[in-house]
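**Student:** The whole structure should be built from the sequences, with the hints applied where relevant.
All you need for the numbering used here is the position in the sequence shown, starting with 1, plus 34.
Please note that the accuracy of each hint is not assured.
[To be verified] Computed list of lysine to any residue pairs in SDA-like fashion (alpha-carbon distance at most 25 Å, straight line): (1) Lys66 x Ile77; (2) Lys72 x Ser86; (3) Lys72 x Gly59; (4) Lys66 x Met80; (5) Lys62 x Asn84; (6) Lys72 x Lys85; (7) Lys53 x Gln67; (8) Lys72 x Ile82; (9) Lys53 x Leu64; (10) Lys62 x Lys72; (11) Lys53 x Lys66; (12) Lys66 x Asn79; (13) Lys66 x His78; (14) Lys85 x Lys62; (15) Lys53 x Arg69; (16) Lys53 x Arg65; (17) Lys72 x Tyr60; (18) Lys66 x Ala56; (19) Lys62 x Met81; (20) Lys85 x Phe75; (21) Lys53 x Ile68; (22) Lys72 x Leu87; (23) Lys53 x Phe75; (24) Lys85 x Lys66.
[Claimed, not checked] With beta-carbon atoms standing in for the labels, derived distance ranges: (25) Glu57 x Ala89: 42 to 52 Å; (26) Leu87 x Arg65: 41 to 51 Å; (27) Thr54 x Leu88: 42 to 52 Å; (28) Thr54 x Leu87: 43 to 53 Å; (29) Ala56 x Ile77: 30 to 40 Å; (30) Lys85 x Leu64: 48 to 58 Å; (31) Pro55 x Tyr76: 25 to 35 Å; (32) Ala56 x Ala89: 46 to 56 Å; (33) Met81 x Glu57: 29 to 39 Å; (34) Lys85 x Pro55: 43 to 53 Å; (35) Leu88 x Ala56: 24 to 34 Å; (36) Lys66 x Ser86: 26 to 36 Å.
These are calculated hints, taken from the structure and not from any lab test. Backbone N, C-alpha and C fix where the C-beta goes; we use that ideal spot for every residue, glycine too.
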Amino acid sequence: MKVKLIFNFKAMKKKYPVKTPAEAGYEKHLRKQIRLAKTQFYIHNMMITNKSLLAGNNINNLILF
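**Tutor:** Below, the structure written as structure tokens:
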């Protein structure tokens, strides 16, 4: 008994699109940009936190002296 497989190629193409090397390279570039943006945002937040901590320490020092 043979089983006949019928593929819906249009549906498969939508679900699993074949990427050209150019598209794959661009996707890699976008991932790198997103990673850099997240890193910059993290560093920016750390700098704000450090500034607020330093400001808090300065105020405490002024109150103490």
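**Student:** Take the hints in turn and mark each one as holding or not.
**Tutor:** Hints and how they fare:
For a cut-off of 25 Å, the pair hint linking Lys66 to Ile77 stands: about 17 Å separates their Cα positions. Using a Cα cut-off of 25 Å, the hinted pair Lys72 and Ser86 holds, with the two alpha carbons roughly 21 Å apart. The straight-line distance between the Cα atoms of Lys72 and Gly59 is roughly 20 Å, inside the 25 Å bound, and the hint therefore holds. For the hint linking Lys66 to Met80, the alpha-carbon distance of about 21 Å falls within 25 Å, and the restraint holds.
Pair hint Lys62 plus Asn84 does not hold up; C-alpha atoms about 33 Å apart against a cutoff of 25 Å. Taking the CA atoms of Lys72 and Lys85, the gap is about 20 Å. The hint holds against a cut of 25 Å. Simply put, Lys53 and Gln67 have alpha-carbon atoms about 20 Å apart, close enough for the 25 Å limit, and the pair holds. Of the supplied pair hints, the one linking Lys72 and Ile82 holds, its CA atoms being roughly 15 Å apart against a limit of 25 Å.
Distance restraint check for Lys53 and Leu64: the Cα-Cα separation of roughly 15 Å lies within the 25 Å cut-off, and the hinted pair is therefore satisfied. Straight-line distance between C-alpha atoms of Lys62 and Lys72 comes to about 15 Å, which keeps the hinted pair within the 25 Å bound. Our distance criterion of 25 Å between C-alpha atoms is met by Lys53 and Lys66, whose separation comes to about 18 Å. A hinted pair counts as satisfied when its Cα atoms are at most 25 Å apart, and Lys66 with Asn79 qualifies at roughly 20 Å.
For the hint pairing Lys66 with His78, the CA-to-CA distance comes to about 18 Å; that is within 25 Å, so the pair holds. A distance of roughly 35 Å separates the Cα atoms of Lys85 and Lys62; the hinted pair therefore is violated under the 25 Å criterion. Restraint check for Lys53 and Arg69: the C-alpha separation of about 22 Å stays at or below 25 Å, so the hint holds. Distance restraint check for Lys53 and Arg65: the Cα-Cα separation of roughly 16 Å lies within the 25 Å cut-off, and the hinted pair is therefore satisfied.
Annotation: proposed proximity of Lys72 to Tyr60 holds, straight-line Cα distance about 18 Å (limit 25 Å). Restraint check for Lys66 and Ala56: the C-alpha separation of about 15 Å stays at or below 25 Å, so the hint holds. Using a Cα cut-off of 25 Å, the hinted pair Lys62 and Met81 is violated, with the two alpha carbons roughly 29 Å apart. For the suggested pair Lys85 and Phe75, the alpha carbons sit about 15 Å apart, so the restraint of at most 25 Å is met.
For a cut-off of 25 Å, the pair hint linking Lys53 to Ile68 stands: about 20 Å separates their Cα positions. Taken as a hint, the Lys72 and Leu87 pair is honoured in the structure, with Cα atoms around 23 Å apart against an allowance of 25 Å. Restraint check for Lys53 and Phe75: the C-alpha separation of about 31 Å exceeds 25 Å, so the hint is violated. With a CA separation close to 29 Å, the supplied pair Lys85 and Lys66 exceeds the 25 Å bound.
At about 48 Å, the CB distance of Glu57 to Ala89 agrees with the hint of 42 to 52 Å. Checked against the given bound of 41 to 51 Å, the beta carbons of Leu87 and Arg65, roughly 33 Å apart, lie outside it. The given range of 42 to 52 Å is respected by Thr54 and Leu88, whose C-beta atoms sit roughly 51 Å from each other. Thr54 and Leu87 have their C-beta atoms about 50 Å apart, which keeps the hinted 43 to 53 Å range intact.
For the hinted restraint 30 to 40 Å between Ala56 and Ile77, the CB-CB distance of approximately 32 Å keeps it satisfied. Taking 48 to 58 Å as the suggested C-beta distance range, the pair Lys85 and Leu64 does not conform, at roughly 32 Å. Between Pro55 and Tyr76 the C-beta distance comes to about 32 Å, which sits within the given range of 25 to 35 Å. For the pair Ala56 and Ala89, the supplied restraint of 46 to 56 Å holds, since their beta-carbon distance comes to about 49 Å.
For the hinted restraint 29 to 39 Å between Met81 and Glu57, the CB-CB distance of approximately 36 Å keeps it satisfied. Lys85 and Pro55 have their C-beta atoms about 45 Å apart, which keeps the hinted 43 to 53 Å range intact. Separation of Leu88 from Ala56 is about 48 Å and departs from the stated range, judged on CB atoms against 24 to 34 Å. Under the hint 26 to 36 Å, the C-beta atoms of Lys66 and Ser86, about 31 Å apart, fit the expected range.
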